[in-house]
Amino acid sequence: MAGSTGEPMIGTYHIVVGILLGIYIVLALSLNIITGYTGQPSLGHAAFFGIGAYSSAILSTRYHLSFWVAFPLSGFFTAIVGSMMGVLSLRVKEDFLAITTIGINFVVVAIFLYSDFFGGAFGIGGIPAPIFFGYKFTKPAYLVFVTGLVLLTILISSILLRSWLGLALEAIREDEFAAETMGIDTKKFKIVAFTIGTGLAGLAGSIYAHFMTFISPGDFSFPLSITIISMIVIGGIGTIRGAILGAIILGLAPEIFRPILEYRSLLYGGLLVLMMRFQPNGLLGHESFLLRRISLIRKQSVEWMKKGSGNDAYT
Amino acid sequence: MLRASFKSLGVLLGVLILVMGTLCVPSFAQETIKIGFFAPITGPVAADGASSKQSVELAVKEINDRGGIAGKKIELILYDDRFDPKEAVSIAQKLIGLDKVVAVVSGSYSGPTRAVAPIYQEAKIPMVAAYAVHPDITKAGDYIFRQSFIGLVQGAAGGEAAAKLLGAKTVSILTMDNDFGRTLASSFRNQVEKRGVKILSTDTFPMGEKEFSPLLTKIKGLNPDVIYNTGYPSEGSLIVKQAKALGIKSKILATEGIDSTIQFFGIAGDAAEGVVITTNLNRDDKRPVVQNFIKNYKTRYGPAPDMVGASSYDALRVLANAIQIGGTKPDAIREALAKTKDFDGVTGIIKGYTKGEVLKPVQVQIVRGGEFHYFGEITDPEIITPPR
Amino acid sequence: MLLQQLINALVVGSVYALIAMGLTMVYGVLRILHIAHAAIYALGAYAGLFSFLFFHNFLIAFLIAMVICALAGILMQQFIYLPLLESPRIVPLIASIGLFTFMEDLYRLVAGPYILPFPVNLGFSGIHFFGVTLTSHQLLILVVTFILLGFVWLIIARTRIGLAWKATAQDVETAISFGVNINKIIALNFTLGSALAAAAGVLIGIYYNSVYPAMGSVPAYKMLAIVVLGGLGSVTGTVVAALIIGFAETLMVGYIGFILPRDAIAFIALILILMFRPEGLFGRVNR
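Residue numbers (this note's numbering), protein chains in the order written: chain V, 9 to 323; chain H, 1373 to 1760; chain U, 834 to 1120.
Mixed in with the good hints there might be a few duds.
Heads up, simulated BS3-like pairs for lysine-lysine below, C-alpha to C-alpha not over 27 Å straight-line [claimed, not checked]:
1. H:K1433 <-> H:K1616
2. H:K1727 <-> H:K1713
3. H:K1511 <-> H:K1570
4. V:K147 <-> H:K1511
5. V:K196 <-> V:K101
6. H:K1511 <-> V:K144
7. V:K144 <-> H:K1496
8. H:K1406 <-> V:K147
9. H:K1496 <-> H:K1727
10. V:K144 <-> H:K1472
11. V:K147 <-> H:K1541
12. V:K101 <-> U:K999
13. H:K1536 <-> H:K1658
14. H:K1541 <-> H:K1511
15. H:K1541 <-> H:K1570
16. H:K1566 <-> H:K1582
17. H:K1616 <-> V:K147
18. V:K147 <-> H:K1701
Quick look at which bits of chain H chain U covers, simulated, 3 or more residues with Cβ under 8 Å [what the hints assert, rightly or not]:
19. 1581-1592
20. 1601-1614
For the record, the hints were derived by calculation from the structure and aren't laboratory data. Note that this is a predicted model, so its numbers are computed, not measured. Virtual Cβ for every residue (Gly too), placed ideally from N, Cα, C.
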């Protein structure tokens, strides 16, 4: 598979795009746990991505901890802050919560920008690459690691979904009041959802920081939160496959539209509007257009196989 | 249920492969000299992205109209980074791996530029940053050059201008909270303290801020000789305008940040009269290269060019010059760049590069009659030489 | 000095109230967070600017801007929001954000990325009293805001339409059963709210002499903080919250300086107050 100059077609560019895509997928899946499963609108997810990134950056540049220590610690710190937001969500509901989470995003970024501890406007640079048995991470190594993180997140999401925790969260999402009367401790579960969701985002932040080698407050601002939530809504909120597809679409969109330069934001905004207008349940959400198509094609091919050979042995 | 998930994942995979396929770009034979360029063409700072892009395109066109470099035309491969470091990183990989450029000009801010400097360094592709100020950018390595003044130099030049050219005995610093503002403010402070000037107050404001009356009212009470304002056109113009509305008598000294002709004069109106700035473009410079640049830019695009434009124009020309001397191999380009001496640039006679940092005099301009004019120059080597 | 800061704060708060009012009105009836409202605000500034450059008359430009924005609001309502009324609330929010992004970039493509000046000279340089300066533009803002908000208050409190509006905001089904024409109320909402945003856009445009594509970004999210603080859907609450935020920001900046960016201040105020009153200052306690 070589191009006209004999170079391999899958090069560093694709690997880097893959790494960033993987990080987006983790972010989408982790938000899905909070907003998709538990129904708590969180519009400030980028803040937790940032907390994870900054934690890892500070732990490795200032305290010289190895990535393998900084990584889990960052997830842990972020989860702690996230659990506090979970507590906040007990008091503040729905639309109020949505706006509050926006506020959290703004405040967190403002703190990064104005506090010297976090490097202020200069950000934090020189974040070292992880070292694996004496070897520094190469781009492909990052890809492998990120893929692992993606699989971990999918695993956690699936387990969550199919466990009693997942059932409880779904009950809360559908009707919180009813869930409470049934004896479900909604408080505890909400906090758990936030803790897990934000913790995963923190882990994504950690690997992001080491990959980019340099982070600044603006990397974690509100527009990124919007992108993340748009991903799960476009893909189909509450579903793993939806979060992944949404992340792929919106993550690749800048790359695909790159040739059209001038009109990218226009297309991006238009895409969101059209998607919401005509497919509000998401592409792969429950009862979506695409899923119906797929099951139709499947049915048709089974019919064809039955008819075509005239041999009942195939059915 | 599980089968449905597998089917959907299969669909996802199919989509992914299809899409990856479209991302592969066939490479053509080397007929042209490919130079990469990235800038924030959409997004919150699109104005500077536009300035940079237009100036670079003008430079390329002029060179190509004259026959190119050694008979080969320059092919400018440009991308929009939307003021996002992540995009700059993807762009860098694309330029290096797919488009196979021999050199790159960064028309972007410090955030994206800094994120990609190590990437170009590692790939041994020379990059010239037109106007990004973060000190760490050139520290990425010897393949990275900066066309505009490092913050330290410009801030110090500002301090010198305040003390010597404006004769200030007291100053108030009103600085922006981003890296640009902070770097300039701190070196300004060091320089004026060296010259025995007293700093009456230091205040910070966020980028994008519009309401300066509270801070200005406070400064009015202190009555400094000079107010040092590090804002970009949006903030800086409003500071100037609101200061005049409040009846502040202090002289206002600003920086290249405010050097954006249509925006600054448009917003500040006649409050701009008398404002002094440190910058890189001397509009009164008699040299043909400057006057032609201003004239051609105006003819082609309408408004007069600004600091970002001038820096970007020079960034490309310095690069082209290096290619002319050194050939089209990236290593040779880097060497020629490092050896640049007394280059006739729009932004001054570029004496050379020290560890990637440019060495040239700082221009001081004053607003007279709604236009920038020559007011002075800072040439003291102690001030303008970038730190080793 | 304090008096001057208070005047500044009043001006800032008034404009916030003007912009936030449209947002509250839409939320009150449709329960939608209409972020694209900020794009209408910017549209008002652009429409006002170009009308002014064409007709050389400020009043005409002002009115044209309001009309154009009212139309834009109705179009949004018809084609984007009404079809999405049955969807989960996150859907119209994302659609609104998409629309906002789209329009901002449209402004950049049509009018250019540069900040355009909006030079309207009001003929007098302002008034001075007790050592305080009130510029002509500041005076204009206070006067216009007072008139427009007063107008809205009159409609809501004293007319039958206003009564119908309040009924709809409280309980849509009951309102329908009482014969309220919901579609008319919704349309009125968007028209009025968008026209107010247009007015704010023009006023800000001339006050800072700047009109640029991203100008909507600044109010977009802060307005959300304000309407939530006031208690979503409460008209009085919005005005009070807008003034509180205006004062909090100005006084903090004037006396302590920018320890955090302005937007962060608004949100911190919001979070603190929500801790004590989770329904906002004047919000209804829902169960």
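Output the numbers, in ascending order, of every earlier hint that fails for this structure.
1, 3, 11, 14, 16, 17
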